[in-house]
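> Chains as they are written, first to last, in this note's numbering: chain A, 1 to 266; chain B, 1 to 268.
Not one of these hints is a red herring.
From the derived model, a few chain A residues whose C-beta atoms are all more than 12 angstroms from chain B: (1) S5; (2) A77; (3) S80; (4) L98; (5) L142; (6) L168; (7) I231; (8) A238; (9) L256; (10) S258; (11) A259.
Cut-off 25 angstroms, straight-line C-alpha distance, at most; resulting in silico cross-link-like pairs (SDA-like, lysine to any residue): (12) B:K47 x A:G54; (13) B:K253 x B:F243; (14) B:K47 x A:F40; (15) B:K47 x A:I196; (16) B:K47 x A:L223; (17) B:K47 x A:A203.
Worth flagging that the hints you see were computed from the coordinates, not collected in a lab. No residue lacks a Cβ here, since even glycine has one placed at the ideal position from N, Cα and C.
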Amino acid sequence: MQRLSLLGTLAGASIRSELQYRANAFSSILGGILFQITGFIVVWIIVARFGQIGGWGLAELTFLYGMRLTSHGIFYACFSQMFEFDRVLITGEFDRYLVRPMPPLMQLFTRKLRINAFGDLIGGTALVFAASMAAPVDWSPLAVIYLILAIIGGGLVEGAVQTSLGSLSFRFLNTLPVRSTVNEVFNLYGNYPNTIFPGALRATLTFVLPIAFVAFFPASVLLNRTDELSIPAWLAMASPLIGVLLFVGAVRLFRLQSAQYQSSGN
Amino acid sequence: MTFAIHYASWIEFIRARIRVQYMYRFAVIMHFVLAAVTIYLLTLVWKSAYAGRTEVDGIPLQLMLVYLTIGNLQVRYLRPEIGYDIVERVREGKIGFDISRPLSYPSQLVATAAGDLIGMLPMVALAIPVAGFLGELAPPPNWQAGVGYIASFLIAWLIAVELAMIIGLVAFWTLEMTGFMMVYNLVGSFATGALVPLWFMPDLMRQFVQLLPFQSIVYVPVSIYIGLPATGSIGTALLLQVFWAVVLVFAIKLIWRRALDRTVIQGG
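Just chain B, same shape as in the assembly (with noise of 0.2 angstroms):
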């Protein structure tokens, strides 16, 4: 009976955001059209670096385009919207009504993000034709790329997601969090290999990077997507996501508990 309950509102909140994403779907417009800003000048940039050369440490250039193209339009669709609204409705007081509703907090702003979504979608499917004009796309060498990819990107949304409400926790101790954010956004897209592969990077970084999970959000996907898994293998890549994801369940667990434990709502 709770789950029928619980599945109503799932579908409701999914609904109203993929609305949202539709009403504002000028700025979601201008999101891409950065995205394909980005991938002209990284592919530009990474030509130059070639420099006529076919292959830098058994790296096709082509194959390099592919990864800067799909990870620079996977980023952009992850975005950690969710983030910026769990500030918002702290600070405004809003988050009152929030908790008091039956469905917990951490599952609305999942089915939130479920709805962004689906209603960007319209705008990805316009944008990647694009992409591909200004970058390079080509099809997975093979199915097992394919499958693993799609497979791989779920859960980077998933992580993607879970990272973000993090972040978005964070505001029920600081109520600020602007430059937090920043950080989050820049660090993390660093981190996430959108910009520069991790097979490019210097040792000591790599071995940094790979200690985080934001690789999980561009780097492991896209990896298995051009046919060179993060890991080596498909399975031990998807292994290493999991692995993430759940680790970051429960660390929300722990701070949900906490932020519920410190909210203290001034009238309204």
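Only chain A is shown next, with the shape it has when bound in the complex (with noise of 0.2 angstroms):
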């Protein structure tokens, strides 16, 4: 309990020290929509000219593209100093988180906080909101909770594949190219339906590289899909627990690698 207010107080420090720079503040968070608007400018001039992407229509894509926008938006408000790891090994600034109390890994997460992020909150819930109209949602009580638990359990499956990745530098020091490059995959093939991709592919992408879980599965299953997909709907409808799991994985990994730190002198 204590913990958690601790941590309340460091985001809350973090968002303080970043609106310190207005102007700077704005143009990050503008940038940050501008930058996955471009992508789903792309689905759109699709769609407007073929009607369709693998049998969706207009609706469930914006429907999809915005829940993984906004699953991207909460990994990248929380997690997003996992792309700052390597220098925080290199530099020696991890010999600090660890004769602190609080466990490194939070100390890491809480460093700063990227105001971008709020770029793609904002973009992705009004693409969710404009869609949730038009896209053939059954909005039950138990559907808004089940959207939002999604929202939160994709973002927590990119925060998994960042630190497992990111926790392999404790051996190789150097993985952030590797783990941007995967990032820009989760931002590339996230925002489509799973089913358009070849059999080989569409199992990596769940079972490797479990991006379909991030939008996909629970989109499908708020659309009544889930007779497409390749796997059994009660899986596609766990997608939040999975995420849950996922994590909490993550963290074990990442302690356990840990171990393997050897601090860089000072």
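Got two chains here, each in a separate frame; can you build the complex from them with the hints?
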């Protein structure tokens, strides 16, 4: 409990420090929105001319894109510092984390806030709202709760993948180029229905690099399209839970790998 | 005499940059891995959109995939790296050294970009077969298209360099431009036609994109390559590119003169 309130204090401090530079914060958020909007425009143009991608219409694709983007925003707001991890190790900053009472991973996550995450959150939520009327979703209270849980779960899936890969830096020091590429793959492949991919890729994006669990599976559940999936419906429904499980596993892995830490010395 | 001196320094700049590209070869490889990943995704998405039809609006699927494959390799190859360099030099004050060299700073940048182009060539050679495997590659329909493409590619390179320079020179006023650069990369990558060719854009959007110089970086050369030149004929398509290349030279001259007047180096 005490740890949670400490987390709140740290998060508040990093938001305040970002807002000190208002112009920069504003342009970062705007940049964040534009960044993802370009990707969406591509989807929109294709659907405007061709009517569908993988049998999904504009409303459904927008819904999928919005869910994925919001999840990505949550991931970026909470875990963006994973992208700084290599530098934290190389500069020896990690030494400091080890002598403080809070878990090192939590100190890493609360190190700094990337304000452009709000661009993703705003853009993603707007797309979900815009699509929610037109998309064939039965909006019961349960569906709304599921949507929220699924979006958080999606953020956790991305967080789990980046944390797991990042923990390898304890051994190899420099894993950032690989992780950035994986992040880009999420940003590209996560926005389209998994069903347009050939079988081997579909399986890979489900069980090896669990991109489909971020938004595609939960979106299929809400859109009543689980019969098209190559996995059982209950597994798709369990997406939010899978996000939690993957993240817990990733934190464990990080702790295990941290035994390999060798300080760079100062 | 001055030409000989400048010629030698051009060569030195180009050489230095080839070495840099070789030093950072892992980053360059990752860059092209990303190109391959994008090409594969676009191939699958467009195949799905065509939904079994062999041709839409007179564009066969196969031609569409060749367009996307070459276009995305090209947009990665012509990335505006010098834009970032300018900002860094300005922020760190090293721009003072750059300006005091006998070779003008814009010339240094063009030489640097030429080094990038040559330095990345081995990686591009490796990336082409991979891209062809994941996407689709085919020779141009006739020799005119092939020759036209090579000419058009070189002008496209020049325009990409000029645009990167203009964006980079803005740092002389703002000192900070990550946001601006991001917008350039994204709006730019979209307006180049690398993700969606202009012929499939809605009318209003296409008319807007046609007014911008970005289409000359990807859409114009690749449309020449596949035998459907942007403006109807290879000659006029090349002319359009030359027009932009010249306009941008004047723009750079103007901006550069003002930027020099503004420069204050705070010690060093």
